[in-house]
Amino acid sequence: MKRITTWILSTITVVVLMFGYHTSTSSTLASGAGNPPVISSGTTAGGSSGSGTSGSGTSGSGTSGSSGSGSGSSGSTSSTSSAKKSTTATGDVAQTQWGPVQVELTVSGGKITDVSVLQYPSGNGQDAQINGYALPVLIQETLDQQSASIDMVSGATVTSVGYLQSLQSALDQAGL
Amino acid sequence: MTGTAAPVRRRVEQVMGLPISLALRGRHDTGPEADQAWAAVLSDLREADRVFSPWRADSFVSRLDRGEVRAADGPPEVREVLAIGERARRESGGAFDVVRDGRLDPSGVVKGWAVERAARHLRALDDTDFCLSAGGDMVVHVATSDRPEWRIGIEDATDPLRTVAVVSLRDGAVATSGLAHRGAHVVDARTGRPPRRLTSVTVVAANLTDADVDATTALALDADAPRWLATHRPGRPAYLQWTDGTTTRLPG
Numbered sequence: 016m017k018r019i020t021t022w023i024l025s026t027i028t029v030v031v032l033m034f035g036y037h038t039s040t041s042s043t044l045a046s047g048a049g050n051p052p053v054i055s056s057g058t059t060a061g062g063s064s065g066s067g068t069s070g071s072g073t074s075g076s077g078t079s080g081s082s083g084s085g086s087g088s089s090g091s092t093s094s095t096s097s098a099k100k101s102t103t104a105t106g107d108v109a110q111t112q113w114g115p116v117q118v119e120l121t122v123s124g125g126k127i128t129d130v131s132v133l134q135y136p137s138g139n140g141q142d143a144q145i146n147g148y149a150l151p152v153l154i155q156e157t158l159d160q161q162s163a164s165i166d167m168v169s170g171a172t173v174t175s176v177g178y179l180q181s182l183q184s185a186l187d188q189a190g191l
Numbered sequence: 382m383t384g385t386a387a388p389v390r391r392r393v394e395q396v397m398g399l400p401i402s403l404a405l406r407g408r409h410d411t412g413p414e415a416d417q418a419w420a421a422v423l424s425d426l427r428e429a430d431r432v433f434s435p436w437r438a439d440s441f442v443s444r445l446d447r448g449e450v451r452a453a454d455g456p457p458e459v460r461e462v463l464a465i466g467e468r469a470r471r472e473s474g475g476a477f478d479v480v481r482d483g484r485l486d487p488s489g490v491v492k493g494w495a496v497e498r499a500a501r502h503l504r505a506l507d508d509t510d511f512c513l514s515a516g517g518d519m520v521v522h523v524a525t526s527d528r529p530e531w532r533i534g535i536e537d538a539t540d541p542l543r544t545v546a547v548v549s550l551r552d553g554a555v556a557t558s559g560l561a562h563r564g565a566h567v568v569d570a571r572t573g574r575p576p577r578r579l580t581s582v583t584v585v586a587a588n589l590t591d592a593d594v595d596a597t598t599a600l601a602l603d604a605d606a607p608r609w610l611a612t613h614r615p616g617r618p619a620y621l622q623w624t625d626g627t628t629t630r631l632p633g
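Listed in order, the protein sequences are those of chains B and S.
Per the working numbering, the first sequence runs over residues 16 to 191.
Per the working numbering, the second sequence runs over residues 382 to 633.
Keep in mind the hints are simulated off the structure, nothing from the lab.
Backbone N, C-alpha and C fix where the C-beta goes; we use that ideal spot for every residue, glycine too.
One or more of the hints may lead you astray.
Stated by the list, open to error - Only some residues are given here: those of chain S computed to face chain B with a beta carbon under 8 Å: (1) V396; (2) D416; (3) A420; (4) L423; (5) R427; (6) S514; (7) G517; (8) T539; (9) L542; (10) T544; (11) V547; (12) A556; (13) T557; (14) S558; (15) L560; (16) V568.
Working from the sequences, and respecting the hints, build out all of it.
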């Protein structure tokens with residue numbers, strides 16, 4: 016296994032070197048385009064990790080496979096039970112990490128044919144989050160030698176077979 | 382290798398049919414705290430699979446699809462995910478849709494959402510950096526300014542052993558949608574057709590829920606993706622690979 020890893024990694028180095036020549040226009044710093052220089056945000060994000068920014072608000076509910084309970088009353092159907100007609104079902108207002116959400120489903124012949132949201136948070140919550148991560152983000156197209164040190168690989172969802180043949184797998188193996 | 386770099390400790394596990402890879406740096410890169418956080422992450426993802434998988438006949442989503450239960454009867458997460466899907470449908474003009482051929486399949490939302498949510502267990506690790514990836518979509522975090530950003534390679538859509546670009550990121554998420562390893566799973570929901578010109582889209586965003594949905598949407602939009610990203614998602618860096626071998630970089 017080690018050997019394979021080494022081989023793969025050396026292949027990467029070669030690839031990296033090849034791409035090193037393919038400089039193109041990468042010197043145009045991607046960050047130039049008017050990103051607010053939120054210099055402090057890195058610190059903010061680091062410092063605030065405990066402060067329940069995103070996921071934690073909804074965390075408790077992970078266990079709620081059973082529940083939905085307390086608020087369940089108002090979840091209503093404006094149905095008419097006949098099988099051929101379509102039925103709409105309106106859910107309760109759920110408090111999510113972005114704000115209140117209410118969904119309406121249309122079911123026809125036992126299948127969901129439409130989902131609409133009666134209430135969802137405005138985009139503002141998201142905008143606020145965007146400011147919370149450290150800009151500028153730089154996507155570099157050229158890979159110099161330093162770029163050989165890649166921590167993770169972002170790629171299309173892999174099957175388990177595909178994974179075993181991927182660079183990510185090599186990285187994971189190398190780290191074990 | 383630079384001498385100052387903190388060592389990276391890695392773990393891998395298969396959940397939801399996906400390899401879940403974790404890289405940790407800093408105080409709790411190993412040890413009981415790391416073990417506990419990792420276990421909690423995996424537990425979260427398995428729970429999400431139990432609730433949302435359209436391939437499990439007994440999942441809440443499958444029962445919802447068969448009309449056996451109502452959305453109101455389920456956990457609030459179901460409504461949250463459906464709402465995200467609905468918002469993506471509206472914003473994409475219908476190219477992204479959790480309903481396809483009359484069947485409910487929120488998978489396009491669930492992965493990013495579930496991983497983003499599960500990552501909270503890692504954020505709770507004091508003075509510890511993490512990079513949590515589910516099949517190539519990841520959440521990254523650097524806890525302290527004296528450690529470098531994570532370096533995320535963007536996979537070559539035509540060769541899983543190559544990368545074509547690098548994203549350096551301290552906090553946020555990177556998602557890639559492509560056709561490389563799984564055939565034509567992404568289609569434009571309005572036409573049912575997979576993209577012809579676009580082979581891969583990578584989006585960087587503050588959270589993985591958004592990055593994942595945006596990458597999938599952009600891939601479904603095919604040739605229209607750059608315009609859509611530029612108008613609907615200004616501020617989100619993106620990297621597109623085309624069938625003819627060219628690439629497009631959107632600065633965000």
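We went through each hint and held it up to the structure:
Given the 8 Å rule on beta carbons, the hint for V396 (chain S) is violated: about 12 Å separates it from the nearest Cβ of chain B. The beta carbon of D416 (chain S) is not positioned within 8 Å of any beta carbon in chain B (closest approach about 15 Å), and the interface hint is therefore violated. Taking 8 Å as the C-beta cut-off, the interface hint given for A420 (chain S) is violated, the closest approach to chain B being about 14 Å. Checking L423 (chain S) against chain B: minimum C-beta separation of about 13 Å lies over 8 Å; hint violated.
Contact between R427 (chain S) and chain B, as hinted, is not supported at the beta carbon level, the nearest pair being about 11 Å apart and thus beyond 8 Å. The closest approach between the C-beta of S514 (chain S) and any C-beta of chain B is roughly 5 Å, which is under the 8 Å cut-off, so the hint is satisfied. Hint on G517 (chain S) holds. Least Cβ distance to chain B is approximately 4 Å, under the 8 Å limit. The criterion of a C-beta within 8 Å of any C-beta in chain B is not met by T539 (chain S), whose closest approach is roughly 11 Å, and the hint is violated.
Below 8 Å, beta-carbon pairs count as interface contacts, and L542 (chain S) has one with chain B at about 5 Å; its hint therefore holds. Taken as an interface hint, T544 (chain S) checks out: its beta carbon lies about 6 Å from the nearest beta carbon of chain B, inside 8 Å. With its C-beta approaching chain B no nearer than about 5 Å, V547 (chain S) sits inside the 8 Å limit, and its interface hint holds. Annotation: A556 (chain S) was flagged as interfacial toward chain B, and the flag holds, the nearest CB pair being 7 Å apart, inside 8 Å.
Against a cut-off of 8 Å between C-beta atoms, the interface hint on T557 (chain S) holds, since the closest Cβ of chain B lies about 4 Å away. At about 6 Å, the closest approach between the beta carbon of S558 (chain S) and any beta carbon in chain B falls short of 8 Å, and the interface hint on this residue holds. About 7 Å separates the beta-carbon of L560 (chain S) from the nearest beta-carbon of chain B, less than 8 Å, and the hint is met. Annotation: interface hint on V568 (chain S) violated; nearest CB of chain B at approximately 14 Å, more than 8 Å.
Hints 1, 2, 3, 4, 5, 8, 16 from the earlier list are contradicted by this structure; the remaining hints agree with it.
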